[in-house]
Structures are given as C-alpha cells and as structure tokens.
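Residue numbers (my numbering), protein chains in the order written: chain U, 1 to 415; chain C, 1 to 415; chain X, 1 to 415; chain S, 1 to 415.
No lab work stands behind these hints: they were computed from the structure.
Computed from a prediction, not measured in an experiment: that's the story for all the values here.
Treat the hints loosely; a few may be bogus.
Given that identical chains are not distinguished, each listed pair holds provided it fits within a single copy or across any two copies.
Computed cross-link-like contacts, EDC-like style, restricted to lysine to aspartate or glutamate with a CA-CA straight-line distance of at most 20 Å [unchecked claim]:
no., residue 1, residue 2
1, Lys167, Glu27
2, Lys188, Glu362
3, Lys269, Glu105
4, Lys69, Glu191
5, Lys69, Glu236
6, Lys167, Glu105
7, Lys269, Glu230
8, Lys269, Asp286
9, Lys167, Asp72
10, Lys167, Asp206
11, Lys188, Glu201
12, Lys188, Asp202
13, Lys167, Glu65
14, Lys69, Glu105
15, Lys167, Glu190
16, Lys269, Glu130
17, Lys188, Asp334
18, Lys269, Asp108
19, Lys188, Asp286
20, Lys188, Glu105
21, Lys69, Asp114
22, Lys269, Glu217
Protein chains: 4
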Amino acid sequence: MTAMNPVTASLLPRYEMVRAATMSLVETLSDEDCTPQSMMEASPVKWHLAHTTWFFETFVLEALEPNFKPFDPNFRVLFNSYYNQVGHQHARHQRGLLTRPSLSEVEDYRQNVDGRISALLLIADSAGAEPDRELHRRIELGLQHEQQHQELILTDVQHLFSLNPVKPAFYSTPRIPHQPAQPLEWRKFEEGIAHIGADAEDFCFDNELPRHRHFLESYSLANRLVTNGEYLRFVESGGYREAALWLSDGWAWLNQGAEPRAHPLYWSKQGDQWLEFGLHGVSPLDEHAPALHLSYYEADAYARWVGARLPTEFEWEHAARSQSGWAPAEQPPDIPRLIQLFDTGWQWTSSAYAPYPGYHPEEGALGEYNGKFMVNQYVLRGGSLATPLGHSRPSYRNFFPAGTRWQFSSIRLAR
Amino acid sequence: MTAMNPVTASLLPRYEMVRAATMSLVETLSDEDCTPQSMMEASPVKWHLAHTTWFFETFVLEALEPNFKPFDPNFRVLFNSYYNQVGHQHARHQRGLLTRPSLSEVEDYRQNVDGRISALLLIADSAGAEPDRELHRRIELGLQHEQQHQELILTDVQHLFSLNPVKPAFYSTPRIPHQPAQPLEWRKFEEGIAHIGADAEDFCFDNELPRHRHFLESYSLANRLVTNGEYLRFVESGGYREAALWLSDGWAWLNQGAEPRAHPLYWSKQGDQWLEFGLHGVSPLDEHAPALHLSYYEADAYARWVGARLPTEFEWEHAARSQSGWAPAEQPPDIPRLIQLFDTGWQWTSSAYAPYPGYHPEEGALGEYNGKFMVNQYVLRGGSLATPLGHSRPSYRNFFPAGTRWQFSSIRLAR
Amino acid sequence: MTAMNPVTASLLPRYEMVRAATMSLVETLSDEDCTPQSMMEASPVKWHLAHTTWFFETFVLEALEPNFKPFDPNFRVLFNSYYNQVGHQHARHQRGLLTRPSLSEVEDYRQNVDGRISALLLIADSAGAEPDRELHRRIELGLQHEQQHQELILTDVQHLFSLNPVKPAFYSTPRIPHQPAQPLEWRKFEEGIAHIGADAEDFCFDNELPRHRHFLESYSLANRLVTNGEYLRFVESGGYREAALWLSDGWAWLNQGAEPRAHPLYWSKQGDQWLEFGLHGVSPLDEHAPALHLSYYEADAYARWVGARLPTEFEWEHAARSQSGWAPAEQPPDIPRLIQLFDTGWQWTSSAYAPYPGYHPEEGALGEYNGKFMVNQYVLRGGSLATPLGHSRPSYRNFFPAGTRWQFSSIRLAR
Amino acid sequence: MTAMNPVTASLLPRYEMVRAATMSLVETLSDEDCTPQSMMEASPVKWHLAHTTWFFETFVLEALEPNFKPFDPNFRVLFNSYYNQVGHQHARHQRGLLTRPSLSEVEDYRQNVDGRISALLLIADSAGAEPDRELHRRIELGLQHEQQHQELILTDVQHLFSLNPVKPAFYSTPRIPHQPAQPLEWRKFEEGIAHIGADAEDFCFDNELPRHRHFLESYSLANRLVTNGEYLRFVESGGYREAALWLSDGWAWLNQGAEPRAHPLYWSKQGDQWLEFGLHGVSPLDEHAPALHLSYYEADAYARWVGARLPTEFEWEHAARSQSGWAPAEQPPDIPRLIQLFDTGWQWTSSAYAPYPGYHPEEGALGEYNGKFMVNQYVLRGGSLATPLGHSRPSYRNFFPAGTRWQFSSIRLAR
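With the rest of the complex left out, here is chain U (with noise of 0.2 Å):
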C-alpha cells in the first residue's frame, strides 16, 4: 500500500477542518434563517455554503478532475458570485428569493464536491510522487477563501438579526464585559523605506504581490484600538452634526436618508441607556469595548476630532512587521507594544484599494477575483475577531467602501 505523501497529510486534514468549520457556524440556524438576504451587499447563510462549494467545484475539480461533471448545472448559474469569465451569475440582490435548492441540498452539494476533492487529493498524491502543485495551489486558495465566507456568514447574519425586531442573539451565551482598555500611547517609527507585500513563501493573495519599496516619513501609531467608550463622548459631545469633521462625501452620507445618522450601526438609545447589538444579541453599550462596526467616514471623523488621523495601509503594515512574531523583534521594554492587530477589529486605512508596482491579476477567471475591485474603495488592515484562527497576515488587505458599517471594522489612530 503506497504511504500518504505529506503534503497530502498535512493539506487533506485541513481541507476537512476548514469545511468543517464552516458548517460548524450554522449548526444553531434554522433553515429559514440561512435564507433572507438582508441588503444588496450580504449574502444569504445558504449562499455562502453553496457558493464557496461552487468555489472549489469550479477551480478545482472543473480545472482539473478527469470527466469533470457539475453536481447541477444551474449551480453554475446560481452561486457564481462575479465571474463573468466563467459565465452567467444569478442576480445578485435576488439571492434571498432561493429557496430552492434547500439547505439539505446545500449541504449534499457540499458533500459531493468533498468528497470528490478528496478523492483527487489521494489520487493526485498516491503515486509517491511529487505533489501536484497546481491542484494544491488551487485547493488552497479555495480553504483561503472559504475562511472568508466563515467571517462573511457572521457579519451577515448579525446584519440579518438586527433588521428583526425581535433581535435575535445568533449566541445562547451572554457576553463578557471587557476589562478597562490600557492607556492609548503612541508608538513612532523612524522614515525610510520599508518593504510592503507579501513573501512569496507563504499563501497569499495576489494583491498582496509583488513585493515591493515605499518611503515613510516618520509616523506614530496608537498601540490600540479606539473603545466604544471614547467614541461614545464623539457622538455625545456632537460630532455627528459638525459637518468641519467630516469629509464632504460622508457628510452627504450621514445625511442621505429619512432620519440622519447620527451613531454606529448597531447602537440604539433607550431613554438614557446606549445599548448595541451583536452576536449576542442586545446588551448595555460596554464603554470598555472597542468600536466597531464603523464606517471609513465615522473612523474619519473621529480622527479628526481627536486630532489625529487614520495610517496608510503601508504605514500599518510596516508597524505589524515589526512587532515580534513576523519580523525579528528587539522591543525594548519602554516601547509601547501594539495591540488588537489581528484579533479584534479590521482597521482602516486611508489608502484607496489600488494595485502595487507591478501587479498582474492571475491569467482567466481567477485574475477576477481581487483586481476588479481595485477602485472606489478603502483599505482595512489586520483581522476581526471573526476572522479564523490562521487567516490573518501583515501583508493582508481586505477591502470596502467607505460607507460599509457591518464588518467588524474599528479605528487605530495615527499621526
């Protein structure tokens, strides 16, 4: 019996463990639940678990499996997300209205498209060969991706929740109160030029890549997110109606509906008490909490009012970099290390989403997936507290527009 190539020992067990976890988020949610689509930009629960399946179905096994067969071929058409390259996509406000095929049929769709990637996995590895590295390739991307749809399914079924009126809590569990935050201290760093993007070593997105030189002057950063606590004197003390806070396209936004805006998305006020919503359902506004769930105009503001200012993403990678774990650390103890970079909130950036020197998007389909995008919007750096374990990076950009509010996005200062 031929022995298991490693590569294959070690990529199986993760393809089931981030399958896996997937299905793991759902496993309180009804099937009507996973249906409604609550705004344009969110996606239904069952749209995000056929659609990372369509995922792999379409550029792994489609690309690679012998005598390749869809499992149904109105999946090609109902959970291709934006690739026109590979055909026709169900319309995208119109994806609440599936209620067939059902989440039982969901989850054999997933079962099959496992199973068959497995199947490739053993045989492609069988032969003591060397590992295919394209299909390697190809399945990795795909778990990248399915991590995160993981943090998509949250954000969108927290967006779904708040809309009903009964605010259902997606945890049976309440929520634990933060511990007063540390004092904010900024941290500096020297000019010069620092190196921005990802090593080619490890996975990463394309617009990650290449590596390439960008000149810093010298900026500080605060060591830690803003709290909800001193957002809150922000909104008390006005800031949402001083229009010389606001950039001239966010003052337009607070003001484009019936009512203005006029705090976070998830805050409510009942008589004197601030509340928010969230996976756990509504509970007292916890001063002690970061701010989240905030909009590229509200981070914006809000810098300004304290006098200070968002990073670069360049600046924000640089600083991660050189905390201890990616790059070699030689903190001295006086320096004020930074905090909540990858597990807490996104933070954003006042770059624009846009290509590094030299950036190619990947030949066919796949080049779709990250480069269209690369106009009319923000950057965000780091990772949420929704972000899987393993996803995260220094060289990682996600990105939205400026007026998205139900990430799990928040504010570090800079200046």
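Use these hints to put chains C, X and S onto chain U, whose structure you have.
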C-alpha cells in the same frame, strides 16, 4: 348539558374548515419556501399565516375576549399589515427578513388563536341565548379575510418561484391542456337603471355598500375571457411597440425598465416556442387557456387593438346578476351565456376604485380595511381559479393598481 | 372686392386676441425667466410660447396649408409635447436646457405662423363660399389649447419663482386682501337622471362627449370654496399627522420626502406668522381667501376632517348647470347660490378621469390630446383666477394626478 | 504722491486681467445660455460669474475690508458653493432655477466687488509700507479659483449645448484638423526617491503640500496622449462589451442606464460616420486629435486593452519635473520628449485623491477648499486646452470621481 346554538353549529365547523384550508395550501412548501418576500407587493407565506391569525387575535379576541392577553406582544407589530389605528407596523419591504419567529412558532400561534376563538364561540353561544351577533360578524370577516389571503398565498408563491432560475413547481402534477375555447360572442344588455351593490342579507365587505342606482347605456359583454392564443396574436403583431394602442401611463410602464416589456409577466420565449410559468412550473403556452397575469394597461391596450373596450364595474355587475343563479334568469336559448365569471381570472374593469354614493367605512381600525385604498386603483370583478369556492359574488370588488400583473387577472371585453 | 366671410370676421380677430394675450402674459419676464424648467411637470415659458405655435403649425398648417414647409425642422421635435403619431419628442425633463432657439427666435416663430394662419383663413374664406369648417375647427382647437397654456404659464412661473430664495413677484402690484367669506351653506339637489357632457353646438374637447345620462342620488354642495382660514384650522389641529384622515396613498405621499409635508405647497411659517407665496410674491396668509394649490389628497383629507366629502364630477356638473346662466334658472331667494364655480380655483372631484360611455378619441394624432391620459388622474371642474375668460363651461374636464399641487386647485365640499 | 507699491503694481493688473478674461469667455452667450444647469455636477454660467465674485467678497472683503457690508445678503447663500463654515447654501441641483438675480445684476455685482478689491489693494499698499501679505495671498487664491472656473465655464457650456438637439457651437470658427500624431514612444525613468509636492515659493493649493519623498520603482510613460483614432479601434473591436477589460465598478457604470454606454460621451455615429461634439459644434471625428472627455473607467479599460496601465500621480509629477522647463533638463536627443503635458487634456492617474503625509488644511472655511474632498475621487494631472495659461504646474492636483466625463480628460499610458 346545553345544546349547541344552531348558528354556532354552522360557524364553528366553517371556521375550522377555512383555517385548515389555509394550512393545506402550504403542505408541500418547505420552511425556506415560506420565508422570502419576492417584492414589496407580495408577502412571505409565513407572514400570511401569521397575519391572518393576527387579524383574528386583534379584531375578535382583543375586542371580545375577557382578560385578553396577546400571544406575543412582538407579533402585534410584526404581523400588522396596515392598520394605523392598531399601532405600528413592521416595515413592509422587510417582511422577508423575519426568520424568527419560525414557521413552527407561527403554527403554534395559529393553534393558540384557533383554540381561543373556538372557546369564545362555544361559551358565547352556550347559554341557548341569542347568538352574539358582533362575535359572529367579526369571525365571519376574519374568515373572508383569510380566504383573500389564501389566494394571495398562491399568487405570492408563484411570483417567488418565478424569480428562481430553477423554476420550481408548486403542484407536482402536470398541467392539463385546455379544450378549445368557445367562439367569442357578444351578449347585449339594454339601457336602464341598474341596482349596484350588495344585498344586506349575506356577508359583504363595506366597499360593496350601499346598494344604489346606476344608469347604464346599452352595452355588450363578451361571453368568455380572452385566450392566450388571441393575446399571442396581439403580441406577435407588434402590439407592445405601437404607442397609439396604449394609455400614456401604460406606454411609460412598458418602457420603464432596462428592457421594454414585450409580453405578459410569466411568458418567455425559447427559440420559436412560447412558454408560460405557473403553479405547475414551466410549460408550453396553452393557446386555448385564458390569458392571465395581465396588467390593466395590457388589458386596455388589447381591447383597443380589437376595437373593443373594458367594461365598467357597473356593467359587469349588472351582467353577472342577469346570469342565472343570482338573479331571476329567463335566459332564452339564443342568448349567449357568460362563462368564466368567477372561476378563471379576475376581470379588469375601467372603473377606478371609488366609494359608492353614501359609503361610510366602519368606525375604528376595521374602517381601514377597504376605504383608505380608494384612490389610484382599478376594480377587478369576478374571481379566479385561485379564489376559494363560495368566496365570490356579483357585488365583490377586488382592486389593484393598474400596473399589477402577479394576480390572476384577465380580460373580458365590452363594447 | 370680396367681403370677408362673417365667420372669418369673428375668428380672425379672436385668433389675434388670444395669441396676443399669451404674449402680454410674459411682458414683464426676462429672457432668463422664460428659460428654466422647475420640475418635470412644468415647462419653461419659452417652451409654452413655442409649443402652442407648434400646435398651430402641426395641426393647422401641416394639415391644410398648400406646399407646407416647417419654419424649422428642429422645432418639429423640440416643441412636440407628447404626440407620438407626429414623431419624436425632445426629452420632457430637458426642456429647460433649450437656450437655443432664443426667446426672440421663438417670437419670430410665432409671428411667422400667425401670418400663415391669417393668410390661410383669409384665402379660404375669401371666395364668399362656405367657411372651411375643418380649418375653423382646427384653429378653434388651437386657440382653446393656447388658453390652456396661458394658465400653465402662470402656474409654471409661480412654481419656478417659488424655488428661488429671493422669491420674485410676477405682479408688481400688491395683493388685495379678500373680504370675509360668506357663511358656508349647503345647496341640496334631488335624485334623478342627469344629462352629463357637452352640447354639440359650442366648442368642446372630445373628452366632454358624448352627452349621456347619469343617475344621481340626492346630494348637497357647498355654496363656496374652503377658505385659507378654515384650512388653517385643519393644519393647526394636527390634521397632517393624523393617519386616519388620509387615504393610504395620501399618507405615503405626505411622508415620502426627507421632511413630512405639513401644510399646503406655498405656505410657510416665520415665527408665529403664516405666509403664502403667490404671483404677488410673499405675503401674510389671507384667511379670507380661498385655499389654493392643494392636492387631491389634501382636499380629500380636509373633507373627511369636516365630515363631508368631495363631489363627483357628475354632481358638480349637474349643480353648475342648475345655476343661472347655463341652464334655465328659477332660483328662489331661499336657495343658496353657488359662487366661485369658474373664477377662483379648480375644484377637485372624486371622479377618476375616464371615458364617457361611447367615447371615441379623434382619429390620428389629435386623438392623443385627451384620451390617452384617462388613467390614474382625477377630474377637476370649474376654472380658476388664471383661466382665461370664456374658456370655462360646466362640461369642462380638467385632470391631474392626485398629488398635484402647483395648479390653482381648491375644495368645494359635498355631502 | 506716493508711488505704487511694486507688488501691487503687478497684482492689480493681474486681477483685472483675470477677471476680464472670465467675462470675455461669455461674450457670445445670451442671457438664456447663462441660465440653465445641465446636470448636478455642472453649474450655470451666471452662477460661475457670481460664485467667483462671492469668493472674493467672502474671503477677501469680508475678512479684510473695514466696515464690510455684503452687496446683497441673499447672494451670501445663493452663491456659496460648499463652504459650510460660511453658512447655508442654495440647493446645488437648483442653481439653474435662479432667473433672478439677472445676468446684468450679476455683472453689477462683479463690478462692485472689483471696485472694492482694487480700492483695498491700493489703500493697503499706498503707504509705501510692506505689502499686506494676507491680502495678497487671499487675492491670489481668488484669482486661481477664478481660473479654475474659467475652465468649468467651458466644460459646462459644452455639456449644456450637447443636450440641445440643435447642437449649438460655442465658437463660430470651424475646428482645425489635427496633424497626424507622433509615433507613440516610451520614456523610461529609473527607480529612486522622488520629491513630490510644490515648492514653497510660488503659489500652490494646500493639497500640493507638504513636499515629501516618494519611492518610485522604475517605470515608463508614453510620450503623448492616446488619439481618437487609437481609441476608436478599442471601441470598434468591442472593448465596451468585454467585461474582462473593465474594473467591476466600471462595468456597472457602463450598464447603469437604459442603453449601455458604448463610446465616449461626445461621440455619436451617423450611418458609418463617427461624429464628435465640442465647442465648435458637431464635426466628423478627427482621428489625429487626442481622445478627450473620457472617464477614469474608460481610461483604465483602454490601458488594460493595450497591455499598459495609468501612471500614478507620483510617476506623472516626477516625469513632468524631469522635462525641461521646471527641472534641470539634460535631455539627450535620443530620449523621447513628453508632449501634451499641460495644454491638451488632463491626464487620469491611478492615484486616489488623498492627503500628502503631514497635510493640514487651512484653519477656517478656506480649509474646506480642497481637503474635504479627499475620498472617492481620482487625481488628474497636467492641464487642458481649456486651462488658462500660467495656471498649470507639475505639482497641480485636479480631482474628479471615476465616472466623470464632461471634463477635458485624457489618457497618458504608463507601464
């Protein structure tokens, strides 16, 4: 033991039958099928199930049950459709986001209210006394309301399914082809004063009252509805591109989307073959079947194309009463008989929905049932294949805006 | 020398007078005032001047002038309002962008067409023969059309000026305060068959035909219009915030903007003082003046608030004919006289604009004048302070959508 | 008699010349031409004339004139563009409705302010003392602002005229055909640290500061702009229907109207002949002329189609400085010379409009001039045929949203 009051003896089984009929409609639907809202004008099946129950809870139990307590205070808002005098309403366009309460909780709600209605009816009438007329009136109103929603459940499911590219069928059985239609003949009615509106004796909605006089010039009505085959000739002769055939608003309505409307809502063309979507899924267009799902604009344009017009609601009612069954019929054999009055498709009339002379809506919230919609809508008369048996009558006034197509609406010509 | 035909002898001076009256309206306006379009529904003054001329050019000259050549081929499209059978139309919402042709070129256009119409009229009738009935009919139609646009010039200028923060006045003279209104009295009319529609003898639009019978239950009409003072009490008692007073569409209309509508279009409040904008500029609200510039929704809600209703157009016409002047009047001194029928404000009726029994629009493009608008609009009857003398009559049917406010529209109550 | 201060001696004539240049632009326009607003983003000519005057009145006279009184208090609001710290603004989309004040009143306004500015300048400098630096700085800012609006007057008139079916020409002279363009050549620049931003000495806007360092990888720029003929090949080869060539937002932008966008804004096709609308009216497309009036999306898609890209604003500025004139030029004869940098078409860069490191907007309302627009816009560099002589420089940053087409925007390729 007191004998049951004979009126109760007939109302209670009727209550149980109508309520059960609603549930039997949704037997083959999954929880997911019952969740989404396909457009503003339609509602989720789950919402229909809950709203009809809310109607009984609000207008029967809250009004007449001793020590009334709501099943769930949230439901007071979630399932209030448009009764401002009852209180706030959940945003109409967000009915499809209510994954909680679950369908099963809504079924519990139905059972709870059904039990309390039965108890109320039994107690009220148990003393052998006079039946409680107000209780009976309100229950009967609730049952008529429930029957209206039975039809809406079908129209709304069909619309939802039509937007799913997999085109699910509501019925598992195949569609039975229609026999060739009778020749189109005209039945003439002489001028005179017609009595319009409901008799006081049987149930009617307030908009059917008061009975009053209307002078009719002589007119003729077609004996049957326009068929798909006849309408197809209008389509294929370029009727949708001939401005002179359309009302000005109708022409604007044709051209308001990215693609001009060019055929009825549920028609499509595959190569040379016209197809029709319906509760049986997609099938070839049946030329002998009546043309359904037409807007007022389409009905009006078709009528103009053939040199006819739509009837007024007064002409229609007068004609329907002249037909045997409701009015003394002495129909000689050489007078064409009007068919498809109540059981095929609602028939657009050229009458704007307006109050009859002397109309007064009921006091209180129930006065919002009909009266406040008496502007910018057109009256349809008769009934459709989806109208529950026994729910239709010659004085019944259905009404929708002129652009409405997802109802079972059809054309009966006049001249 | 041939004597002038006596019909021409009256039509030619009438033509000249009506055309001159239009120009006298715009005497005090600058070229700039005549250029912009304040909203989709309104038109620039320059466009009115050109369109009314286009109407004569198209429907008189093109039809009847030997060797017809258009003044300017571009004008055929630029100044066609909505006649699809004549050809394309300049985009309606872009009428205010036509800085060329200049106002002075449009005046040249008017003079050119006026000269050709006069010549045609003189030649056609010079032989002492029968007057050319078709020529006369078409010229008379053009004059009636011109008079309609005379009123629209005033409503459109007032609307344009109202949106200018400097609030220009059209008239340089101050507004004369009204005398206190007569007491509101009700005039009763008995039930019976009324004859509705125009006599064949005098000019009328096709929508006033055919004359036909309509059964009226007995009803009463208010002797005069609702005053500003009466309407103000509705406003100040919270009428605009009481959903139960409004039609459902009316309530939605009140609340569709960023700020809910809370008073009539041209009213505003400065401190405690209510102001009204009009052709005389801004002045304090005159409580004795009739309330003008109301939508159907406002008229209907006010009527409901006082326990009355709006009349049908049939009731209105029957009443207007019963008044001395048009019908044999034997009005005893104890019967209240209806005033303000034709000279103050158009009166909303509860009648949707629909064809009379047997109505047929004229063949060809002139058939588009009225008929294609017979959906989703409501009939106003009478006339206003801006209606040219001699243009109104009991059978006249004006029509606008229910949300229209910039016309001189008012309330006469019925019950 | 005191001699005039030499600085004044140059500023006063410059003031008069720039102000007169504005008026000379509108010499051939009628009052009507100066009134309408063709779209939200454009302004009426009259408004430009008044707003630039408002700018001097507000930021020079109100700040520095003793006993300042406004020319007309209404103008403070009517002609304030977007300065919230100055006060309210007339609704931007209703600028075209301001028929009052008249053009002639606006000319009076200009003369009044011109007189007061001259007086202020003469008095302030008459004592032979130091020139009043703040006065000079603010007047210079006003002149630069005026020059920006000179270009906008041309772009806005062209846009207005383009929407008029009679297609008026701004210039009465015919368009002169272009000579064939030079061959496209690439000029290479070596990697290194570039100094970006304005020198302190001459006038610049705050957004050009502070001067700072930027690392550039080596790159090449095209010697000239893309021509109509080159762009036509992109159009005719189906470039507008090939999703893979477009950014995702660009593809959506192409398809957002009733008809997909299929060519540049001012192009049209008549039979086989491509036409172009411009300040000279309609003429056959000149294949040798530079392609103008392109959006960022079109520029980006074209660049992708030819295997190139757009330059960053840093690359552009570095290259422009390397060109003789502004920077020490040692240009050997075999290096292609960059032409059409400043005098043909603004050049889209791939740089989102963002603050330079250390940027601080001015205190007070003038800080709103540039800073608050630094989101969701893209930088254009250079200048155009409509840019006043002497107004452009290598550090100048123009900026517009990516879908903007009515400016004189063009493509210079990079790679």
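Of the hints given before, which are not true for this structure? 2, 3, 4, 5, 10, 11, 12, 13, 15, 16, 18, 19, 20, 22
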